[in-house]
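Visitor: Next come the chains, spelled out residue by residue.
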Amino acid sequence: MNISGFSNTPADSSLKSSDQAKTFILPEQCFEKNIACTWRRGNTFTIYPRSQIVNKTPTNTIDNKILNIRQEILLFTSILRKLVNESNGTFLSLQKTAENAKNSDNQVEFLKLSRQYRSIVRVCIESLQEAAEKETDSLEKNSLLSHITIFYSIECIWHLSEILFIDNIPGDIVLPFLLEWVRFHFPCHEQTAAQMLEACERGSEDHPQYWDTVVGMVVQGRIDVARALLKLHSSAELNEFKLVDNSLRTMPVYSVYGGVSSGEFTIVWKHWQAECRSKLTSQALTSQPNLELIMRLMVGEYTAFESVRRKYASWFDLLGGYVLFTRPWTRSRELAAAADACAALDGPHPQSHLDVIIRALLEGDLHQVIHEIQQMSDNGWFATHLTDILYHCGKLQILDKHQTDVTKRLRDSLILEYGSLLMEHKSLWSVGLSYLASCPPEGLRRAELLLEKIPIETEAKAMRIIAEAKKYELLGVVRTVCGCVCARRLRGGRAGGAVCWAARARSGPLCARAAHRVLRAYCAGAPLPAADLLLTAGPALLLDDTLLFLGKYCDFHRLYKSKEFKKAAKLLISLITSKIAPEYFWETLLLDTLPLLESEEPVFSSTDTYEIMLCLELRAKCLEGEKAELLRLALVRNLARTALLDGEEE
Amino acid sequence: MISVLNTIDTGHEDMIHDAELDYYGLRLATCSSDNSVKIYDIKSGTQTLAADLKGHFGPVWQIAWAHPKYGNLLASCSYDRKVIIWKESGEWTKLYEYTGHESSVNSVAWAPAEYGLILACCSSDGSISIITYNQDGGNWDVKKIPGAHAIGVNSISWCPAISADLNLDPLSNKEAPKRIVSGGCDNLIKIWREQGDQWVEENRLEMHMDWVRDVAWAPSLGLQHSMIASCSQDKRVVIWTSDDNVSWTPTILNTFDDVVWSVSWSLTGNILAVSGGDNKVSLWRENADGQWLCISEVAKGLGQTPSEERSTL
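First to last, the protein sequences are chains A and B. The numbering of the first sequence is UniProt numbering, which starts it at 1 and goes up by one. The numbering of the second sequence is UniProt numbering, which starts it at 1 and goes up by one.
Don't read these hints as lab results, they were simulated from the structure. Check each hint, because a few of them may be wrong.
[Unchecked claim] Facing chain B, from chain A, some residues (calculated, C-beta under 10 Å):
1) C37
2) L67
3) Q71
4) I163
5) R513
6) A540
[Stated by the list, open to error] Pairs of lysine to aspartate or glutamate, EDC-like flavour, derived with a Cα cap of 20 Å:
7) A:K65 to B:E20
8) A:K408 to B:E286
9) A:K65 to B:D257
10) A:K453 to B:D278
11) A:K65 to B:E88
12) B:K43 to A:D137
13) B:K43 to A:E457
14) A:K579 to B:E297
15) A:K453 to A:E442
16) A:K65 to B:E286
17) A:K65 to B:D125
18) A:K453 to B:D41
19) A:K65 to B:D9
20) A:K453 to B:D14
21) B:K235 to B:E201
22) B:K43 to B:E13
23) B:K43 to A:E72
24) A:K65 to B:D278
25) A:K65 to B:E297
26) A:K401 to B:E286
Every residue, glycine too, gets a C-beta built ideally from N, C-alpha and C.
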């Protein structure tokens, strides 16, 4: 199955049309009739044999297996978790910087962030290397090595993109940066050179790599190193050597701050090269073919580059040297010609994926670059982050076939896919959320859909989801999650907790359901929920009458327990007269008056007593038989002792 | 690469007609011609049979999980003309049985949870029922659309609560209409809208040339853009789009080699899975130009190893 198929939404049809759908053959012969698919979250789905017809003649060959299928996601490898988390930090600072950059030019900041990304990739490569060295299982080792290859390529492409599109190169003279790029990513011969220089022995030419190394240094523009190496040759005193050394020493190097205009520099440089060429034509070097080769490279002779090409893995190795000895003043926009020339050194070889990307970069065809890097097996990490930074730098402009600018759409779609992907992971989901949130409005809506579906194993997890949802003001998610936890509490018979979650969900019907459950349980002999539970509910009590009743009733118990009988009685009367008590609760409510009626000091006034009597008569069905008689007696006795008392008070 | 996470041997004694994952993707329900509905826990890579529900007396066509905020509820519909709503409270028991149809009930679908606990079902008797749980009374109210499709209704799907006409957000505006799409044996797709206490036909979409087998309203991303996928015995899959839920534009996604039985949207509505008689599940997505492209296929195996991978860097 095509991984990129999942992770990309190309903005342009030309991006996608070249891709072919991958067919994934199920490993088992399991479905005879029809198959169908049902979705789980994200990239997981289930395949099952689906039949539309009734089987008239049952057969014995029914193989009713169901397959859960998942796209393998490289980024979920534990070793790459650090990459995901750290790049998220950089991504978020980038969004902030971009926000601020609206008012001021912030190219320097962008460069810093781009370097940050690169250093994250570097750390990732190092940890992969470390793991690969330790790994003993050959299959695992192979997969680690293939990851390393992927991230090497990413590092290399990112660095070049940074030079060409993010960095603000003085005078746009790209050569020193290009040489640096070549040296960093294709460090051919560097070690041998260092070893020879360290040994510092005359007669180093005995080393089998001596000339390759010298030429390598020249091609990488490390002129000083090349000269030092030449001095180690046992014939370094020969005229030929001195001649080449002199030419190398006098090679003009352009610097924007050197006080020389580029026009002047061009003249000086051409003059130098003409001198070199005259030395070649004078046949002064024919006795030393290696020195002659170096000189030929220095005058930018194409055949010389051709002759050394096969010593290098790719044409990128030679790119820096080629520019150095043909047009050192090349600006970054003019690199395409040099790239063409260097790529042509290969002859008609098939191009590698990296070839295509590097050439597209040098040609400034970012559209192609992004298309190509989407094909890399990194689940869109690279395409997402590089596109985003190029977009914010204002270097990306992609038009669709109707010439409308779809740059933002491309950037958004990549981020949305990447964010959605992370949402699937059991601990990276909050990282994914931050990506989705950076693409409103669709991102937030997606976040909502995905966030609600994260399994809530524990209440702590529920709280985490709620906290994240609140951060992005996804209040609908908060309500849904609270509602689900509430429903689960109810199912588990924990009504007290359910009330609490219902109040959090701010849902009237849920509050009512939970509160009824508590009250019914209390009637059946269960204890009331802890008092503090309801005190914290505060204004949420107003969501529903039953909940309010429950709150007040708990309050009554609290007063009674702390022996504040007068207050308790007053509250109880107000509960009785307000008539919000559920039908099934009247018996309990009326019987609660009994101990208060029979207290030593009367706490119910005669008016209160009349109210209770009225209720008892109106709701004769709620309280019958002996209990009713007992209550009547208590009421009458209380009336007897309070009737006069009330008169006195008045 | 994709891989098979695990295989569940369902133990159904006859053909399976539907499999549905619950809201969190942690449980799988299946139903079969053996008259039973089975529920599996598929946490952490292993699966255990959690319940084997017996209550139907005919093949069970389809099942649907309700939103977890209403508890663990599962609806099933069967050839025996019944719809059963099952509830888990400790054990799975029958919560409600609906017997209002005169023929096989082909499809069940819960409404978006925002609307409350509402179930729609449709039958070969040509009618659609909308069953609403009444919180106060604790009972179920039934509204019926008789003669929705001649010969029979094969499939129904609800319009998401947050949908194209955003100015009528149903969460804040009680007037916002609920909608259902249905596909039937009259080759038509119809869109129904709740008006007062009735359901009225708002639209009929004509395109298919044979029975419509499945319809699926895409999840909404709040982009003022509705999408419905439909598939038919005419081997075609059609995508219907609308900016206002009133006027609809069809696009033929593809014409397949065989009858297409089902279409289903991924959670965020960006990928459509199509499956049919050709023993393949193909995954489709729309590019920015509005073209639909097949991104992957999953096909019946003949014992081969997975096809070669795309060469990577």
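Visitor: For every hint, state whether the structure bears it out.
Guide: Against the structure, the hints:
1. C37: holds (4 Å)
2. L67: holds (5 Å)
3. Q71: OK, holds: Q71 (chain A) within 10 Å of chain B, min 5 Å.
4. I163: I163 (chain A) check fails; min Cβ-Cβ to chain B is 20 Å, beyond 10 Å.
5. R513: holds (8 Å)
6. A540: Hint violated; A540 (chain A) Cβ to chain B Cβ min 17 Å, cut 10 Å.
7. A:K65 to B:E20: Within the cut-off at roughly 14 Å; holds.
8. A:K408 to B:E286: holds (17 Å)
9. A:K65 to B:D257: Measuring from Cα to Cα gives roughly 25 Å; hence the hint is violated.
10. A:K453 to B:D278: Roughly 32 Å separates the two Cα atoms, so the pair is violated.
11. A:K65 to B:E88: violated (25 Å)
12. B:K43 to A:D137: At roughly 29 Å apart (the allowed maximum being 20 Å), D137 (chain A) and K43 (chain B) break the hint.
13. B:K43 to A:E457: Holds, at about 11 Å.
14. A:K579 to B:E297: violated (64 Å)
15. A:K453 to A:E442: holds (17 Å)
16. A:K65 to B:E286: violated (31 Å)
17. A:K65 to B:D125: Violated: K65 (chain A) and D125 (chain B) sit about 32 Å apart, past 20 Å.
18. A:K453 to B:D41: Since the Cα atoms of K453 (chain A) and D41 (chain B) sit roughly 16 Å apart, the hinted pair holds (cutoff 20 Å).
19. A:K65 to B:D9: OK: K65 (chain A) and D9 (chain B) at ~5 Å, within 20 Å.
20. A:K453 to B:D14: violated (32 Å)
21. B:K235 to B:E201: Answer violated: K235 (chain B) to E201 (chain B) is near 26 Å, above 20 Å.
22. B:K43 to B:E13: Given that 20 Å is the threshold and the Cα spacing comes to 24 Å, the pair is violated.
23. B:K43 to A:E72: Given that 20 Å is the threshold and the Cα spacing comes to 18 Å, the pair holds.
24. A:K65 to B:D278: holds (18 Å)
25. A:K65 to B:E297: Distance of about 19 Å is within 20 Å: holds.
26. A:K401 to B:E286: holds (16 Å)
Of the numbered hints listed earlier, those contradicted by the structure are 4, 6, 9, 10, 11, 12, 14, 16, 17, 20, 21 and 22.
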